[in-house]
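Based on the provided sequences and hints, a complete structural model is requested.
Numbering-wise, the sequence shown is residues 23 to 135 according to my numbering.
Simulated from the structure, these hints should not be mistaken for laboratory data. We put the CB at the ideal spot given by N, CA and C, even for glycine. Among these hints, one or two may not hold up.
[To be verified] The calculated BS3-like cross-link candidates involving lysine-lysine, where the alpha carbons are at most 30 Å apart (straight line), are:
1) Lys89 x Lys28
2) Lys115 x Lys38
3) Lys38 x Lys89
[To be verified] Pair ranges (Cβ atoms, derived):
4) Asp27 x Val96: 18 to 26 Å
5) Leu102 x Arg78: 33 to 41 Å
6) Cys85 x Glu116: 41 to 49 Å
7) Ile135 x Asn83: 37 to 45 Å
8) Glu124 x Ser82: 20 to 28 Å
9) Glu116 x Ser34: 26 to 34 Å
10) Asp40 x Ser98: 21 to 29 Å
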Amino acid sequence: TLAFDKEKSTHSISIKNDERSWERYHVFLLPTTIAIDDDDLCCFRVSPTTGSLAPRGGASNICDETKPYSDSAVISIEWLGEDDMDVGAAGEKEWLLVVGTEAEVWRYRLSII
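Written out as structure tokens, the structure reads:
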């Protein structure tokens with residue numbers, strides 16, 4: 023669980039590719055208790071929301087050997103809460119962050135306290 027409040031409004035997570043192939047990843051935010059069809063009601067900003075992971079151990083870059091391709095990624099999650107601790111238009115206090123490739127899925131509970 024990643025907890026967000028006035029003092030801690032950002033978190034970062036790291037994902038790593040254990041496969042021997044390039045893997046594309048995607049990030050999704052889902053409310054845990056209510057159905058929300060409008061993405062504007064989400065009170066978090068996630069970056070990046072998609073990307074590619076090099077095979078396990080990384081891969082060399084023949085165009086620039088000083089910048090090898092990484093088998094991991096750091097994903098930043100920022101709570102966009104208001105000064106009065108508004109949890110967003112939907113009133114949702116818990117969200118589920120899902121990061122997935124074809125081979126793996128990572129899940130994190132986001133909680134506004």
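Quick rundown of the hints versus the structure:
1. Lys89 x Lys28: The given pair, whose Cα atoms are some 37 Å apart, is violated under the 30 Å limit.
2. Lys115 x Lys38: holds, 28 Å
3. Lys38 x Lys89: holds, 18 Å
4. Asp27 x Val96: 18 to 26 Å: holds, 22 Å
5. Leu102 x Arg78: 33 to 41 Å: holds, 35 Å
6. Cys85 x Glu116: 41 to 49 Å: holds, 44 Å
7. Ile135 x Asn83: 37 to 45 Å: Distance hint for isoleucine 135, asparagine 83 holds at roughly 42 Å.
8. Glu124 x Ser82: 20 to 28 Å: 23 Å Cβ-Cβ, so the 20 to 28 Å window holds.
9. Glu116 x Ser34: 26 to 34 Å: violated, 19 Å
10. Asp40 x Ser98: 21 to 29 Å: This hint holds: roughly 22 Å between Cβ atoms.
Of the hints listed earlier, those the structure fails to meet are numbers 1, 9, in rising order.
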